[in-house]
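Protein sequence lines correspond, in order, to chains A and B. Position 10, counted from 1, in the first sequence is what our numbering calls 10; the numbers after and before it change by one each time, with no gaps. Position 10, counted from 1, in the second sequence is what our numbering calls 10; the numbers after and before it change by one each time, with no gaps.
Heads up, a few of these hints could be off.
The calculated DSBU-like cross-link candidates involving lysine-lysine, where the alpha carbons are at most 30 Å apart (straight line), are [what the hints assert, rightly or not]:
id	chain 1	residue 1	chain 2	residue 2
1	B	K179	A	K2
2	A	K79	A	K2
3	B	K149	B	K172
4	B	K188	A	K2
5	A	K166	A	K183
6	A	K183	A	K230
Estimated spans, in silico, between C-beta atoms of each pair [as the list claims (entries may be wrong)]:
id	chain 1	residue 1	chain 2	residue 2	range
7	B	G176	A	L9	19 to 25 Å
8	B	D95	A	S213	56 to 62 Å
9	B	S11	A	T181	52 to 58 Å
10	B	K172	A	N73	39 to 45 Å
11	B	G72	A	P191	50 to 56 Å
12	A	A207	B	Q52	50 to 56 Å
13	A	S213	B	E28	42 to 48 Å
14	A	R72	B	Q145	31 to 37 Å
15	B	S144	A	A65	31 to 37 Å
16	A	A5	B	R32	48 to 54 Å
17	B	D73	A	D76	20 to 26 Å
Derived by calculation from the structure, the hints in this document are not laboratory data. Values in this document were obtained by computation on a predicted structure and should not be read as measured data. Positions of the beta carbon are idealized from the N, C-alpha and C atoms, including for glycine.
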Amino acid sequence: MKLTAHPELLELLAASHALGTLRGGARRRFEALAREQAPVRAAALVWQSRLASMTELQSPIVPDAAVWTRIRNIIDAEKAQHAIERQRDDANARAAAKPQPQGGWLRSLALWRGATAAGALATVLAVVVGLNLRDQLVNAPAVQYVAVLSDDQAAASMLVTFDPKKKQLVLQRVGSYSEGTDKSLQLWALPPGGAPRSLGVLDNAPALRLAASESDVHQVPTLAVTLEAKGGVPPGSGPKGPIVFKGALIEKTI
Amino acid sequence: MPDNPPMTAPSPDAELMALIDRIGHRDEAALRQLYDRTAPKLMGLAMRVVRQREWAEDVLQEAFLTVWRVAGDYRATLSPPLAWLGLIVRSRALDLLRRRTADRAQLTQEFDELMADTLESDAPNPADTADASEQAWALHQCLSQLESKQREVVSLAYLREMSHGELAEQLKLPLGTVKTWIRRGLEKLRTCMGRFA
Numbered sequence: 001m002k003l004t005a006h007p008e009l010l011e012l013l014a015a016s017h018a019l020g021t022l023r024g025g026a027r028r029r030f031e032a033l034a035r036e037q038a039p040v041r042a043a044a045l046v047w048q049s050r051l052a053s054m055t056e057l058q059s060p061i062v063p064d065a066a067v068w069t070r071i072r073n074i075i076d077a078e079k080a081q082h083a084i085e086r087q088r089d090d091a092n093a094r095a096a097a098k099p100q101p102q103g104g105w106l107r108s109l110a111l112w113r114g115a116t117a118a119g120a121l122a123t124v125l126a127v128v129v130g131l132n133l134r135d136q137l138v139n140a141p142a143v144q145y146v147a148v149l150s151d152d153q154a155a156a157s158m159l160v161t162f163d164p165k166k167k168q169l170v171l172q173r174v175g176s177y178s179e180g181t182d183k184s185l186q187l188w189a190l191p192p193g194g195a196p197r198s199l200g201v202l203d204n205a206p207a208l209r210l211a212a213s214e215s216d217v218h219q220v221p222t223l224a225v226t227l228e229a230k231g232g233v234p235p236g237s238g239p240k241g242p243i244v245f246k247g248a249l250i251e252k253t254i
Numbered sequence: 001m002p003d004n005p006p007m008t009a010p011s012p013d014a015e016l017m018a019l020i021d022r023i024g025h026r027d028e029a030a031l032r033q034l035y036d037r038t039a040p041k042l043m044g045l046a047m048r049v050v051r052q053r054e055w056a057e058d059v060l061q062e063a064f065l066t067v068w069r070v071a072g073d074y075r076a077t078l079s080p081p082l083a084w085l086g087l088i089v090r091s092r093a094l095d096l097l098r099r100r101t102a103d104r105a106q107l108t109q110e111f112d113e114l115m116a117d118t119l120e121s122d123a124p125n126p127a128d129t130a131d132a133s134e135q136a137w138a139l140h141q142c143l144s145q146l147e148s149k150q151r152e153v154v155s156l157a158y159l160r161e162m163s164h165g166e167l168a169e170q171l172k173l174p175l176g177t178v179k180t181w182i183r184r185g186l187e188k189l190r191t192c193m194g195r196f197a
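Just chain B, same shape as in the assembly (with noise of 0.2 Å):
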């Protein structure tokens, strides 16, 4: 597909591929353009991994850093652009926190308070799907036909990479609790994204 020019204005995936790509040509001017389009995106996703502000802008540092050294591996990945730059985000936002380890009883106090907020609002769900993949679009749908506890708790679980343990200790809820959000959650993605596939 990406051989075939689009007949129309090309898509934010197109747009974004094409700078990845010349990145992995040394381009410092695409670096900066993909930086331009994507940092506040990936900031946010940063943010919401290692939840301090200063540490996330770590992340971004170093996660820009990385697309600059392997851009040139970014189309074996087969992955849309945005969710491959995510990855690494993510990757290094939980390398950070790894680091961190030692810092997290501090840490839990704060969490505790934010997650409070987060598990008593009826928001709808804030996803914000500028730039997204489809795929990003389907998904997005389909947590949004979860239950926002539901929600956060599949979010928090894949985004800071925790067991039913590790979310029903921080969360304060009792663990079969959290074991079955996460699979009627599961099992709602799951119909719903097979209607996407």
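Just chain A, same shape as in the assembly (with noise of 0.2 Å):
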């Protein structure tokens, strides 16, 4: 049968079809003749983009407002999980190409950079943990010794982080601090009742790693970096420029 012959049969079958009542044989066969004839597949679509718009006619209802809370919390964990994956890749890919492989820790790298604020430790963490991502922590080297450094504006400036099995302390840039090209900084374990104790002096590479003891960091509670001439203080000497950053070292518990 030529349906197109019959205009307001093909729009009832037609309007069946989007309706969803046009059942069983009968839809395979309207199916079939939209497939081959381009008047009968105009008539459906036409028939549910019209009815389609039955679901912008009901009476609005306010949703609880947790629902938004809900919508934004799943997204975030998305994002911080798409960041830690992808850090991953790169250190994997890094860790192929290298000997000597980038540090686990580093991940999540991608998260204290994005976070600028002196709360950006606490925060990752907590979205680390919240992840349940504790099999990339159990895998990660094992980063006893963390330390937020913040300028006097208590703006997240470098991430230390110490690991023991390499005995490295790896630094991390996290704000856009430059020292120019005449000056370098200089990092320096604060020890209670002691003289600062220098750590290295560091090079203008976004992150780099100093070698270092468990001794050196052991019952540390500051770290400080300051701004110094070219090269650093001569070895011996303490800090004689003005401190850049510092902040607490803390001891990792998970």
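From the two separate chains plus the hints, produce the assembled complex.
Given below as structure tokens:
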């Protein structure tokens, strides 16, 4: 039967199809015709579109405010997870390329970098734990000390982690601070009741590693970074320049 | 059309489309604005399909997460924005109902009570056309011409994807009556919508 010769019937079938009440063999025959004949297909699409507007006509009901909170939490968690996965993929790629692999704790550095507030440490730890990414932490190097060094505006400027397996301090700049080409930044341990002890001079790289033993950081409550002449102070000397960043060194418990 | 800046204030459609475009570019603030603008409407739709507040809120949450993920595909659908959102909500709501088929028996009881109210009432068409597209406004006009029973049966068939048989069973109506109401309802819609085309 040539359905297009019966426009009213065509419209009714298309409307029933869109409504969902055209079922079984009748539905399959109509859909077969729609695939073959453009006017039938057009009628079907017109009615799908017309009836879809039924969804626009329902009386509003205000949802509980918790719904938006849930949506936002899920999106935040997905974003954090993606960031961590990206970092892990990057780290794996670097590990494959280099004999000396990047520390796994750095996987979460994208988050650190993005978070400029002084509360970054707590936030990130909460996100990581909240995501139940314990497997990541288990497989990560045994980082036992973490410090977020802040400038005098309390803005996070540098992340310091200590990897006891490799006996390395890993430093990551998170702010936009620039010491200029004729100066160097120098990292100090500030043991209680003792003189500042140099842990090393920083170059301009966004991330760098300094050899260190656990005794260098053990029972050191505070780290500081000073602005010194190019190359740092002479060995054995104390800091001469101003402190630009400082922060507490925290022994990680997870 | 959307590419020609309108001389007057932007239409609700244009505003919603702009928000969906921004969401396609991962703009969370736009998602929040879209939520504020459309959540009550979409919650009303979800409630109509799943009938339980807690479920409807789950549907709403799933729908907005879907929007967050697929907003970039919106333009290709050629749908009015609120209808596109409505289809996502309906689809998520039907998914939820399918998952809960096991609980259907218990539901039917409540459903029957609810339906008895709906079908007895001669209340005017309760539709709310705020933010609705022109097409929805046309559909609203045409639905208003249906008797309330016809309108209800047609609406339920669509929103809950129910067959003649399921409608007859749940509404405790003879199958022939349901078929007749739907056929007459669609016939009136056909004539009426033709005038808007």
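Against the structure, the hints come out as follows:
no.: 1; hint: B:K179 - A:K2; in the structure: holds, 25 Å
no.: 2; hint: A:K79 - A:K2; in the structure: violated, 54 Å
no.: 3; hint: B:K149 - B:K172; in the structure: holds, 13 Å
no.: 4; hint: B:K188 - A:K2; in the structure: holds, 24 Å
no.: 5; hint: A:K166 - A:K183; in the structure: holds, 29 Å
no.: 6; hint: A:K183 - A:K230; in the structure: holds, 4 Å
no.: 7; hint: B:G176 - A:L9: 19 to 25 Å; in the structure: holds, 20 Å
no.: 8; hint: B:D95 - A:S213: 56 to 62 Å; in the structure: holds, 58 Å
no.: 9; hint: B:S11 - A:T181: 52 to 58 Å; in the structure: holds, 56 Å
no.: 10; hint: B:K172 - A:N73: 39 to 45 Å; in the structure: holds, 43 Å
no.: 11; hint: B:G72 - A:P191: 50 to 56 Å; in the structure: holds, 55 Å
no.: 12; hint: A:A207 - B:Q52: 50 to 56 Å; in the structure: holds, 52 Å
no.: 13; hint: A:S213 - B:E28: 42 to 48 Å; in the structure: holds, 45 Å
no.: 14; hint: A:R72 - B:Q145: 31 to 37 Å; in the structure: violated, 43 Å
no.: 15; hint: B:S144 - A:A65: 31 to 37 Å; in the structure: holds, 34 Å
no.: 16; hint: A:A5 - B:R32: 48 to 54 Å; in the structure: holds, 52 Å
no.: 17; hint: B:D73 - A:D76: 20 to 26 Å; in the structure: holds, 23 Å
Of the numbered hints listed earlier, those contradicted by the structure are 2 and 14.
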